[in-house]
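Colleague: Letter by letter, the chains look like this.
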Amino acid sequence: MSKDLIEALAKFNEDTVMKEVNERLNDGEDPMDLVRDLQEGMNFVGERFSSGDYFLGELMMSAALFTRAMAIIEPKLEGLAQEKVGKIVVGTPKGDIHDLGKNIFCTVAKGAGFEVHDLGVNVPVERFLETIEEIKPDILGFSVLITTAFKPMKQVVDALAQKGLRDGIRVIIGGGVTTETVREYVGSDFQTIDAIQGLETCKRWAAEMTCREDQGRV
Amino acid sequence: MIEETMTAMERMEAAVKLEPLDRIPAAPLLDVFFPTRYKGWTIQEGYNDMRKGFHAIVDIFDEIGGWDGMILPGYSLATPHHVYSAVPVGKTMAPGKELEPDDIPQFNEREIIFREDYDTIINLGWNGFRLKEKDRFNPRPEEKLLAWADKQMEQYTYELNLWKKKEIRSLCGCLTNSPLMTLSTSRTLLQITKDMYQIPDKVEAAMDAMVDDMANEAIEAAKISGEPGVMLVMERGGCFYYPLKIYERFEYPYMKRMVEAFAAEGMITVMHLDQNYTDNVSYFKDLPAKMVVAELDSMTDIFKAKEILRGHMCIAGDVPAALTALGKPEEVEAYCKKLIDVVGEGGGFILSSGCNVPADCKMENLKAMVNTAKTYYPHK
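Sequence lines, in order, name chains A and B. Each residue of the first sequence is one higher than the one before, counting from 606 in the working numbering. Each residue of the second sequence is one higher than the one before, counting from 10 in the working numbering.
FYI, nobody ran anything at the bench for these hints, they're computed from the structure. It is possible that some hints are incorrect.
[What the hints assert, rightly or not] In silico lysine-lysine, DSS-like type, Cα no more than 30 angstroms apart, as pairs:
id	chain 1	residue 1	chain 2	residue 2
1	A	Lys756	B	Lys346
2	A	Lys756	B	Lys371
3	A	Lys759	B	Lys48
4	B	Lys211	A	Lys624
5	A	Lys759	B	Lys371
6	A	Lys759	B	Lys106
Please work from the sequences and hints to get the whole structure.
Modeller: Structure representation (structure tokens):
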């Protein structure tokens, strides 16, 4: 574990992060070690955000740097076994093109070891459903910033129920305009305006699901 | 019903000046989207035809039986007759063009001002920069840009005049952004954040070069429109995004300078504060007393804001969009009563929507909001 890399990510030091990543890959180091260091760095940033020491701007800078570093590492990961803590499908529903919160959530979720399928913005209901049937995620996430996106979220969740898929998926909604009232309307399991709080909930769900699977095996 | 002893205009002015009220005034921030949907039109129909869209707003006002004032008159922009004023630094995705006809237009935040532009801004000022880079932001000929500006201003004054015939006023004679808001949306939130951490002196110098141009342009616009008030939009500087050290250096000094420039001209400022500003509210006590309205969107703790700003600044807000879109009228009424009880105590409060009335607001909820202001006032 490299404290330099973890600290550089946590302090948004772009030059150090990129230099460390490139040098260590060139030295033949296992790319999974680098991924683990970067994840550790994002965990540290997430903790500082949760404790109020970091703000969204700082979380965003670290997340962007994590994405940049992972873009270099990812080609080296092909063929290597990567343990994922769970699968998440995320998108901003049709009619809404805001992506700031979604992008931050996707990055911190990847940083925590989730397999994230980001459908982007302005995503039609059908595309959510097709992807869910194909990917079979553990978690479905919606990110919204305008009220007209409430209805498409509900349509997706209702359609999942009709198809008998709702019980197998946890649904989380986020974004500045969401409230408990919106959570109830959509029929989601959790609502937040805080990407790290959302991530912590997903981690808890993933642990519960793993626990259930383990119990099933026993 | 409450026995009214003030006109709507007197009530709004008294709220801003923290004077005694006969009841709390209601002034929703109502643009064309909800009225357009309520008419059964697509958003495109109301958005593209400014006159038609504006009259849909007026029809809502009439159907509800009126309220006390507008925050902005409609959806037009008071734009002075300058090429730089008509150059939009940013791209909005429009219904019927980049979006479906019934989608809400949304700002497409992409990096269109770059790090190397700071030196040009520092050397030429904000107006000079926009003129120099006009074709990058909008390649249309100058006469077309000026014709657009004139059309906007004509519509804006039309709207203001119509409201005066209805015996209410708009608080704002124009709208502008803080330098941070402008750079945040044109550099992108990520890039401006990196700039403030990595090249803070350069950003500060650029903001120094921008602020007076921006303030003077707003003053000119408000003088032309004839309504002595400015909406100052700030959605990106509060404690949701940044620590106070960033706010103190890159947002507060510039917004203060703009507010003071407006006040020196006798103009009030409506600070449009979307997102959470709870930790920033105490700074507002240094702004000119009784010349500013803190317009909150439900993310800032409005009750804490009242504790801090009591006797110094009017507060407007903050019925949440989710509540008016999904809630029941009795829930809206209960929330409005709570606002009037706590934030309305001692005056200095305008009951309004938290940010814009959402496109999918229920009419009965907007009615409940306005009617609560008209019928509930426990402080006499």
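Colleague: Against each hint, give a clear statement of whether it holds in the structure.
Modeller: Evaluation of the provided hints:
no. : hint                : result
1   : A:Lys756 - B:Lys346 : holds (28 angstroms)
2   : A:Lys756 - B:Lys371 : holds (14 angstroms)
3   : A:Lys759 - B:Lys48  : holds (24 angstroms)
4   : B:Lys211 - A:Lys624 : holds (26 angstroms)
5   : A:Lys759 - B:Lys371 : holds (18 angstroms)
6   : A:Lys759 - B:Lys106 : holds (26 angstroms)
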